[in-house]
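Novice: Working from the sequences, and respecting the hints, build out all of it.
Residues 56 to 493 in the working numbering are what the sequence shown lists, from first letter to last.
Derived from the structure by calculation, the hints contain no laboratory data. Careful, some of the hints might be misleading.
Ranges of calculated distance between the beta carbons of each label pair, as one might list FRET restraints [what the hints assert, rightly or not]:
1) Ile102 x Asp204: 39 to 45 Å
2) Glu199 x Gly381: 41 to 47 Å
3) Glu199 x Thr449: 27 to 33 Å
4) Ile102 x Pro261: 40 to 46 Å
5) Pro380 x Arg189: 46 to 52 Å
6) Ala389 x Ala293: 37 to 43 Å
7) Val383 x Asp186: 46 to 52 Å
8) Pro380 x Ser278: 34 to 40 Å
9) Gly89 x Pro380: 28 to 34 Å
10) Lys175 x Val391: 34 to 40 Å
11) Arg121 x Gly381: 35 to 41 Å
With a straight-line Cα cutoff of 20 Å, these simulated SDA-like cross-link-like pairs (lysine to any residue) come out [to be verified]:
12) Lys265 x Asn220
13) Lys245 x Trp257
14) Lys245 x Ala290
Just so you know, these numbers come straight off a predicted model, no measurement behind them. All C-beta atoms in this analysis are idealised placements derived from N, C-alpha and C, irrespective of residue type, glycine included.
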Amino acid sequence: MNLLKVLVSSPLLLLAAAATTAASDYDWATVYDGPSAPQRSIVTATIDNTTLLIGPRIVSFGEKGRGTQIQIWSSADGGGSWSQRGSVASSETLIYGDAHVKLSGDVLLCAFRERDEAAKSWRVTLCRSVDLGRNWQFDSVIEESLEDDRFVGAPFLFVSPASGNLQCYFDSEKQAALRGCPGHQLIGMKERSGQGDSKRDWSSAPSWSKAVDVLDPSVQCNSSYLLRDGMATLATTAAHPTTIVVVREGVHPASPHANLITSAESHDGGMTWGHRQVVHAPQGGFNAYNPYVVAAAAPHGDGNDDDDDDDDLWVAFCTDETDFPGTVPDPSNAPVSSRRCHVKATHRVRPTRTAGATTTTATTIIDKEESVLDESRVLSNSSSPSSSPRSWSTPPSAVYSAAPHNYNVGLFVVDNTLFATVNRLSDPRGVVILRAGN
56 MNLLKVLVSS
66 PLLLLAAAAT
76 TAASDYDWAT
86 VYDGPSAPQR
96 SIVTATIDNT
106 TLLIGPRIVS
116 FGEKGRGTQI
126 QIWSSADGGG
136 SWSQRGSVAS
146 SETLIYGDAH
156 VKLSGDVLLC
166 AFRERDEAAK
176 SWRVTLCRSV
186 DLGRNWQFDS
196 VIEESLEDDR
206 FVGAPFLFVS
216 PASGNLQCYF
226 DSEKQAALRG
236 CPGHQLIGMK
246 ERSGQGDSKR
256 DWSSAPSWSK
266 AVDVLDPSVQ
276 CNSSYLLRDG
286 MATLATTAAH
296 PTTIVVVREG
306 VHPASPHANL
316 ITSAESHDGG
326 MTWGHRQVVH
336 APQGGFNAYN
346 PYVVAAAAPH
356 GDGNDDDDDD
366 DDLWVAFCTD
376 ETDFPGTVPD
386 PSNAPVSSRR
396 CHVKATHRVR
406 PTRTAGATTT
416 TATTIIDKEE
426 SVLDESRVLS
436 NSSSPSSSPR
446 SWSTPPSAVY
456 SAAPHNYNVG
466 LFVVDNTLFA
476 TVNRLSDPRG
486 VVILRAGN
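Specialist: Take a look at the structure:
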């Protein structure tokens, strides 16, 4: 049995128990429930004083659904209805997935995964549009894995607050193998400069940098520590705009390797990263996976006098815990279509303070019978140099549970209102978009 151990040391500030409760929950109302809407990634743009929501949707076609197409869909009524706006890429032989869009200046970018079954290769590709998704051009190959069928995928586009460079974060079994750990997976990052202007000569865009590992300073993958970080999303807050927070799924390093979600911070534009902090790790071997993070204010504040809405982060994710009574956890390596997923959310809160006390916290996943991690180096809740220590609200609050099988959880913000998008895999299949309210 795996346990979540919280270590507290205290000279000057005491972390009250209330800091680990779900002090602020949203109520979620369905905005759209239908067959055709973007999956996971949605951006906003303004045309003629109209706010458009724009995002990608991947569909199958052809004989036995072997062809795939990345479509772009848009909504002009806040997500209540959707129409196809354009198509990024279409192939009868390549399998596309993990599409993510980013508006950089007045250029809409779309990064996605390509799978070539015949060649046993994986690729992360970038395309661009200068008319908000109606027409698309190939831009570049960000990363590729051409040997030993090592996965690269799940790209997330981001603009570095330190340099203004365009960055792409992605899952990489290739990077793990280069570190001497085949079979493991970590997050890689590449960047390039000079983005965001539709009038520039994109044909002469600079090449992508060498990949940087998004990894704790002292974590080493080995036979006793399974590293399977993936599905990275990133955010900054208005209060600390130069601090990047990455949130990703992973696995408990000890068998049976249940999924959990962790975060980490970078203060140098993503070049180096601090120790990981547990966002959510269900007990009893249950799973939390497929996370998405955005900066958004808590609906009623976080319950503290020093509440700072400009420093709030929300994470939505899939989990099979508590809502499926009488069941055992799903294997973390099971296909997503067969895994049970209700969508929940947690937010980052500032600790409640008691005068005359101080605390630092460290959260470490350990095994009941044998410690598999060094508590000083893994999964620690370390404060950033610019903010008080933060924790994530527990238990998480419910977002969507009307269907048992879901995936592609996403979050986006429009006019300070938080929205969630969920790809429903149960019949009738489709996309659900929900709006958060008090």
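Novice: Hint by hint, note whether the structure agrees.
Specialist: Going down the list of hints, with the structure as the test:
1. Ile102 x Asp204: 39 to 45 Å: Given about 43 Å between the Cβ atoms, the range holds.
2. Glu199 x Gly381: 41 to 47 Å: With a Cβ separation near 45 Å, Glu199 and Gly381 satisfy 41 to 47 Å, so the hint holds.
3. Glu199 x Thr449: 27 to 33 Å: 40 Å, violated
4. Ile102 x Pro261: 40 to 46 Å: 29 Å, violated
5. Pro380 x Arg189: 46 to 52 Å: Holds: the Cβ-Cβ distance is about 48 Å, inside 46 to 52 Å.
6. Ala389 x Ala293: 37 to 43 Å: 39 Å, holds
7. Val383 x Asp186: 46 to 52 Å: 50 Å, holds
8. Pro380 x Ser278: 34 to 40 Å: 36 Å, holds
9. Gly89 x Pro380: 28 to 34 Å: 30 Å, holds
10. Lys175 x Val391: 34 to 40 Å: 21 Å, violated
11. Arg121 x Gly381: 35 to 41 Å: 38 Å, holds
12. Lys265 x Asn220: 14 Å, holds
13. Lys245 x Trp257: Holds, at roughly 18 Å.
14. Lys245 x Ala290: 17 Å, holds
Of the numbered hints given earlier, the model fails hints 3, 4 and 10; all others are met.
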